[in-house]
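Heads up: the sequence shown begins at 1 in this note's numbering, then just goes up one per residue.
Source of the hints: derived by calculation from the structure; they are not laboratory data. Be aware that a few hints might be false.
Calculated cross-link-like contacts (lysine-lysine; reagent style DSSO-like; alpha-carbon spacing at most 30 Å) [said to hold, decoys possible]:
#1 K323 <-> K297
#2 K163 <-> K314
#3 K143 <-> K252
#4 K271 <-> K184
#5 K271 <-> K297
#6 K271 <-> K70
#7 K310 <-> K297
#8 K271 <-> K57
#9 K356 <-> K323
#10 K79 <-> K175
Here are the simulated distance ranges between beta carbons [as the list claims (entries may be wrong)]:
#11 G236 <-> L44: 23 to 29 Å
#12 G209 <-> E254: 35 to 41 Å
#13 Y294 <-> E318: 51 to 57 Å
#14 R316 <-> E254: 44 to 50 Å
#15 K322 <-> G236: 38 to 44 Å
What you are looking at is a predicted structure, and each value in this text was computed from that prediction instead of being measured. Beta carbons are placed, not taken as given, at the ideal position from N, Cα and C, and that holds for glycine.
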Amino acid sequence: MRRNSLMAVGIILVIGILTLGFGGIGFAKGKVYKFRLANFYPPLSSFNTSVWPFWIKKLEKASNGRIQIKVYPAEQLAKSEDLWEAVTSGIADMGHFFLMFEPGRFPISEYGYLPMIFSSNRTCAVTMTALYNKYPQLQKEFKDVKVLWFNGNAPAQIFTRDKPIETLDDLKGLKINGGGLYWKYVAEQLGFAPIALPFPEVYDALAKGMIDGNTVEWEGQYIFRWYELDRYALGGVNLYIYPFILCMNKRKWESLPPDIQAIFEQYSGVKGAEMTGYIFDQHNKADKKKVEDYMRKEGRPVRFISAKMKADLKTRLEPVRKKWMEEMTKMGVPGDKILKDAEAMVKQLDKGPALKYWKADELKGF
1 MRRNSLMAVG
11 IILVIGILTL
21 GFGGIGFAKG
31 KVYKFRLANF
41 YPPLSSFNTS
51 VWPFWIKKLE
61 KASNGRIQIK
71 VYPAEQLAKS
81 EDLWEAVTSG
91 IADMGHFFLM
101 FEPGRFPISE
111 YGYLPMIFSS
121 NRTCAVTMTA
131 LYNKYPQLQK
141 EFKDVKVLWF
151 NGNAPAQIFT
161 RDKPIETLDD
171 LKGLKINGGG
181 LYWKYVAEQL
191 GFAPIALPFP
201 EVYDALAKGM
211 IDGNTVEWEG
221 QYIFRWYELD
231 RYALGGVNLY
241 IYPFILCMNK
251 RKWESLPPDI
261 QAIFEQYSGV
271 KGAEMTGYIF
281 DQHNKADKKK
291 VEDYMRKEGR
301 PVRFISAKMK
311 ADLKTRLEPV
321 RKKWMEEMTK
331 MGVPGDKILK
341 DAEAMVKQLD
351 KGPALKYWKA
361 DELKGF
């Protein structure tokens, strides 16, 4: 009798443990994970209206609603220059921002700011993310966060108010607004005065003749309406790009269960980079047409740089690239190899199909 009682108790205990166990697993599987994604650009930018809605939708669907991301645009969670600190401290769970907001923190990754490396947002995004995955030296720079991917804006072109740029020497003596980590060195090689005004101040500066022109991607030229004041455009230059990073707080990442991590991995990395770059490039292409149509309607010439002029430009800017490589040599980093890999990958991407991981129809409308 006592033996039967003990067996009954044992069975009840086993059933209880199994019930609790399966109940616990069920609870874990049903748990919702919320994230705050901070950025600095306006709510109506292509990132906030297109890239994030598409990406978030994919994550929510793949997780059956267990991943929920709220986007905080326009510095709502942290100022642009504080976004890295916001992510590493946990004020934001994720952040998307320019690397140059932390000057000197990522010296190896600053190759992304060098002139004439990338031909589009997509080539920048895929290349920088792939090289991050390849080089331990690049990975070490971001050991305090979980890197999801890198990307850029679109390449900067040259726009001028009163003087067309028919040769590179036409830039000499002009006051040109631009930016990036190597802006002053680019200006030194080309002979113009480098100006670095905040975007909201550029329109007024052009209107008053305080600057002679600006360098920016086509989307920026359209969004900020600088095309109303610049009479001349020189396209195809691809002077520089501003690299971004999308990263997650490391403690937040490590706290996630493997299945949730796997969903993020599925839609991040090179695949996420390609999506971001492609969508942004489509917006930039559309805004390029708007600027061109306006300028031609106003009788303003839109010129595109010749192959000869572009080769000359690259030669003149070679000292800027060498400056970075010399710094890498001092650090014991194979800077020349990183640059060669980057340029080879850009060429390969330009020759190949626009999309490898997505179908164009999936990204249409975003």
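Given hint K297 paired with K323 - CA-CA distance at most 30 Å: Judged against 30 Å, a Cα distance of about 43 Å means the pair is violated.
Hint check for L44 and G236 - Cβ pair distance inside 23 to 29 Å: holds (27 Å)
Outcome for the supplied range 35 to 41 Å, where the beta carbon pair is G209 and E254: violated (54 Å)
30 Å limit on alpha-carbon distance, applied to hinted pair K310 and K297: Roughly 27 Å between the alpha carbons, so the hint for K310 and K297 holds.
Given hint K175 paired with K79 - CA-CA distance at most 30 Å: Between K79 and K175 the Cα gap is close to 28 Å, so the pair holds against 30 Å.
Given pair status - K314, K163, alpha carbons within 30 Å: At roughly 22 Å apart (the allowed maximum being 30 Å), K314 and K163 satisfy the hint.
30 Å limit on alpha-carbon distance, applied to hinted pair K356 and K323: violated (34 Å)
30 Å limit on alpha-carbon distance, applied to hinted pair K271 and K57: Status holds; Cα separation ~15 Å.
Hinted pair K271 and K297, Cα distance within 30 Å: violated (39 Å)
Whether the CB-CB distance between Y294 and E318 falls inside 51 to 57 Å: violated (35 Å)
K322 versus G236 beta-carbon gap, inside 38 to 44 Å or not: Once the Cβ atoms are compared, 24 Å apart, the range 38 to 44 Å for G236 and K322 is violated.
Proposed proximity, K70 with K271 (alpha carbon, max 30 Å): Distance of about 21 Å is within 30 Å: holds.
Going through the hint list in order, the structure does not satisfy hints 1, 4, 5, 9, 12, 13 and 15.
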